[in-house]
Structure formats: C-alpha cells, structure tokens
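A.B. asks: In case you want the letters, here they are:
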Amino acid sequence: MEHLLDIKNLSVEFALRSGNVRAVRDVSLSLGKGERLGLVGESGAGKSVLGFSIINLISKPGFISGGEVIFQGDDISKYPYEKMRRIRGNRISMIFQDPMMTLNPVLTVGTQMKETLRAHMNISDKEATAICIDKLKKVYIPSPEKRLEQYPHEFSGGMRQRIVVAISLLTNPNLIIADEPTTALDVTIQAEIMDLLLELCETENMGLMLITHDLAVVSEVTQRIAVLYAGRVVEVGPTRRIIENPQHPYTQGLIKALPQSAHGNRLNQIPGMMPSLQDMPEGCPFCPRCEHRKDRCATQTPPLRPTEAGGFVACFMEGACNE
Amino acid sequence: MRSKWQRFKESYFLYSFLRDPIAYISFGILLVLVVSAFGAPIIAPHDPYNPTTIDIMDAEMPPAWYDGGSTEFLLGTDAQGRDMLSTMLYGMRVSIIIGLGAVALQAVIGIVVGLLSGYVRKLDNILMRIADVQLSFSTYMVAIFIGAIFQTVFGVGNYAKVAIPLLIIIIGLAEWPQYARTIRANVLAERKKEYVEAARIIGLSKKRIMWRHILPNTLSPILVISTVQVANAIMSEAALSFLGLGMPVTRPSLGSLITAGFEYIFSGAWWITIFPGIILVALILVINLLGDWLRDYLNPKLYKG
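Each protein sequence line maps, in turn, to chains V and A. Per the working numbering, residue 1 is the first one in the first sequence, and the count goes up by one each step. Per the working numbering, residue 1 is the first one in the second sequence, and the count goes up by one each step.
FYI, nobody ran anything at the bench for these hints, they're computed from the structure.
With beta-carbon atoms standing in for the labels, derived distance ranges:
hint, chain 1, residue 1, chain 2, residue 2, range
1, A, 140, V, 279, 56 to 62 Å
2, A, 148, V, 83, 52 to 58 Å
3, V, 172, A, 298, 39 to 45 Å
4, A, 296, V, 43, 38 to 44 Å
For each residue, glycine too, the CB sits at the ideal point set by N, CA and C.
Make the full structure from the sequences, and use the hints.
C.D. replies: The following block contains the structure:
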C-alpha cells in the first residue's frame, strides 16, 4: 500500500526549567492512503502531542527534537511556518475534543467555513458558499443554507461537532487527525459521529488518525491500532488482532480494564501509575507495573519487533505472558 | 425573517435596559444633552462665535428669574456679554467632539498595541514597557508640555483654529495605555482558547486570527472601557481648559467656560461657572452610569445583590 504518512523516529521534547522532558520517544508509525489508524493510550501517554507534532503545531516550550514526518513524500517537520500553514487545514485537518470550544462564538458558521476555504483557495464568495453547503449536506445538517447564517450557540453539541467535521472536510484533505472527537459528546451522538467519520473516510478515501483512550470506539472504526505508553509505541497491529490477542502486557491490561458484559465481576485495573516523564525508569517504561516482569526488563528497553500474531510489539515476553 | 427592528424590540438587551431605571434615565439625559449639543446652531438663541452679535453692555447679566435678568438671556450672560445658554450648548458640542475624538484615537492605538502585544509574544515586552513609560507621565504633564509648545509654535491667534484636533491628539496620546492593557489582558485570555488553536490548525494567518477571531471576542471590554474613557477624556479636556491650556475663550468648551467664570465668582456672577459645571457633572455622570450598566449587562457572571 502506498504510504500517505510516515513518521520516522519522531521525538518531541518540552524544554522545562528542570531540563528537557521527552513526551514522544522515538516513535515510528506509518499510515497508508485511506487507512484508519487508532492511537490509544492513557492520559499523558503522548497521543495528542504526537498528533500535534504531525502538523508541527506543538505549543511552546515543546519542539520536535528528532525524526521525520514524511507526508506524501515530503518531510513536513522541517517546513517553514508559511509553507506549513498551507498544508494545515488543506491537506491535513484536525478535529478536536470539544466542539463547544473550537468554533469561534462570535462568527457565524458560514463565515468560519468560508474563511477556511479562502485561506487555501482563490475562489469567489458564491463558489465558497456552494462548497460549504455541499459539505454540510455530507455531514447531514438539514437546511444548510439557513444554517450557514447561524452562530455556534444555535447548534446542539452533536451538530456542532458535525460542523467541525464539515470544516475539516472543506478542502478535501488527505488526512484527518481526530483528537478524541467524541469525548465531550453523549453516547448516542458519539456513535453517530463515529459512523459519519467512518463513512466519509470510505467515500472520500481519506486517511484517519483517531486519537482516543476509548478502545470501543477504536475497534469499531479503525483498521490498525498503535498503543502508546509513556511516549513510546508499545504495540502496533491490525485492530482485530490487538483486541482479540493483545501481546503487550499493557495492551492486555487496557483490554481487561474494559467493562465486560458479565455481571458481578470486578473491573480489572492496571496497578500503579504511568511513570513521570521527568523520572523515566531505566529499561522498559512499563516494567514497574508489569505482572510478568523479568530481571532484564528493569535494565534494558525492549525494541519494537514483529510478532508471529501480526504487527509489532515492544516486549521481551512477546505474548508469552498471555497464558 | 423578522426585521432588525423587530428583533431589537424582542431582544434581551432592550429588556434589561428598560428594567433598569438608572440606565434609561441616564440614557434619556445623555440623549437630551447630545442632541442639544449637536443641534446647537439650530436651537441656541444666539451665536456665541459671531462677535458682531455680542454686546459688551450685556455682560454679566444674571439669569432671567433674577433682578436685572432678561428673558432674552435665559441663563444670563458671561463677562463678554455672550448668552450663557448658547455658549454652553456650543461648548458642550466642543467637549463631546473632543471626548469622542480622543477616545477614537486611543482606541485605534490601544487596539493595535494591545492585539500585537497580546498575540505576538515577541513584541509584548517592548510594547508594554512603552505603555508603562507613557503611564508614568501624568496626562496633564504631557498635555501641558505639548500644549505649551504648540501655543508658541502656532501663536495664540492661530492656536484657536487647531485647538480641537490638537486636544484630541494630546488626550488620545496621553491615555492609550489603559486601552492597550485592557485589550492585551483579554487577548491573553482568548488566545489560550481552543477556537484560536483550531483557527491555526485550519491554516489561517496570524493577522487573520488576530483581527477576525480574537478582536471580535474582546469587543465587550472595549465597549465598556470606551464609555468610561469618553467621560475621562471630557474631564481631561475640562481640566486642561481650566488650566488655560485647552480651548481658547473665543471658542469655549465647558472647561474653559468654568475657568472664565471663576474670575467673576466672587463678584457675584456665579452663574458663569455654576451652569457649565452642572452640565459637565451631569454629562460625565450619565456616561459613567451608562458604562456601568453596559458592563453589568455584558458580564452576566456579575450579580448585584
């Protein structure tokens, strides 16, 4: 499959007073054209930072300290601001968690949509309006002509998120990065938005990078999953395989922690907490919490290597602890 | 589609305005004052700018209801025989024009500086230090300084012609830092919000984000500070005129009328000072009360017990 996005050994650091902290460590990932990848991990694992680093918009004091982000053949991590600006929102768009916050409260939806188009294309107001209406129809907003004149507060939460999706679709991007797009919405709307994203990705042949901590959402939508832990990819593989046969003890823990349908069972929980980025243990970062740790886990960092089950895993045990 | 007027009639703005007696009474008084000030050439019984209509023999006539008063000069006359009522109306017009003009200038400088220093972090330090330096001078000191220089450069005769724009520039330049600081503080709060991040992500330029996205969101504090600053500017102008550095006596503002009358107050001609004084106080009071109401209206988090 032709690669749309290739992240090679990407590291992101934050320059703090107490020294540099690495939030993303040596991450390599790739995304094919029209492929849907889920980025999973607990809070603070570096999922969002990774997402932002793709479009080179990490806010200070963060910076990309190494590696490459190759998008359609070009290393965009080294693009100057102005050149990067033309890619953002044009070939790569991003969707955020809270639709209440991402729309400007004092501008009409139409103004904000047209503005995006105008920033990237040289088109007349009429053409822009036509494109906006077309995209709003795609996300199933009824009577889009009227809706363009309205302000964000006149929409419900689910509708607002659909408008955000419509905005991200405006320029027919090749890749959409969705950073927990459904966390702020209720469950029925969540399903609606995810279905919509899935459908759009399929019809428009767009790549999707879905950043979330919700395994249920990821398993429905994505084709592959990458599990992040403490800024490192610990497991990558096809979605079904990861859900049914997780190899890394952390992934196993995550899946066990999902509420099961059986009644009366206590919810499983991974003991301990993710290590602080400032105080990373030597060796495998998951080692202090791992049930199956061996002596060498504490001193050596396991590399990411292919597994028999398909995909890659960064663990010395390599599924041997599955039983 | 409902018309604009209909929507306005049903708006919460109008509702909360009509519910607050202080707001609508202040607005009523302000309206009367502003309309009569700008309608001065039509409603004023005399033209104080035309020396041929002034008779020095009419000087220092008391208001009409006093002994020696004449119904021709309802509120009496000043030391030069000008009708107080007409002079005050014209003077109020001058005061309001200077107030609005100075605030417009302050707003332009303040918005540009505030936006730049709030959004472009590199400029923040230098711009705010300039504002601090400006603030450490007293308004009056700056004004006295510039005013004195201009009076010597243009000569007292020509000074009368340039006095209004000059005062606008002086007061505008002296008080822009308040504006800039308010806007900077608001921009700092707004730029952290997600819609700004989203705007960056859809690839908008910095200039567009500043003007189209952040500025409209800081409009309500701008509106409030503007009303307060109009009152301040009118007061500054009155104070400068009182010191003899504002409007010349031939084209008096409220402030210069008060000064002019001050010399006669002990000889019994109290009306030359008191009437412009009352009008000045009323004007500033209603503007400030309206500003207060506007602030409360625009900030629903602020409840008054």
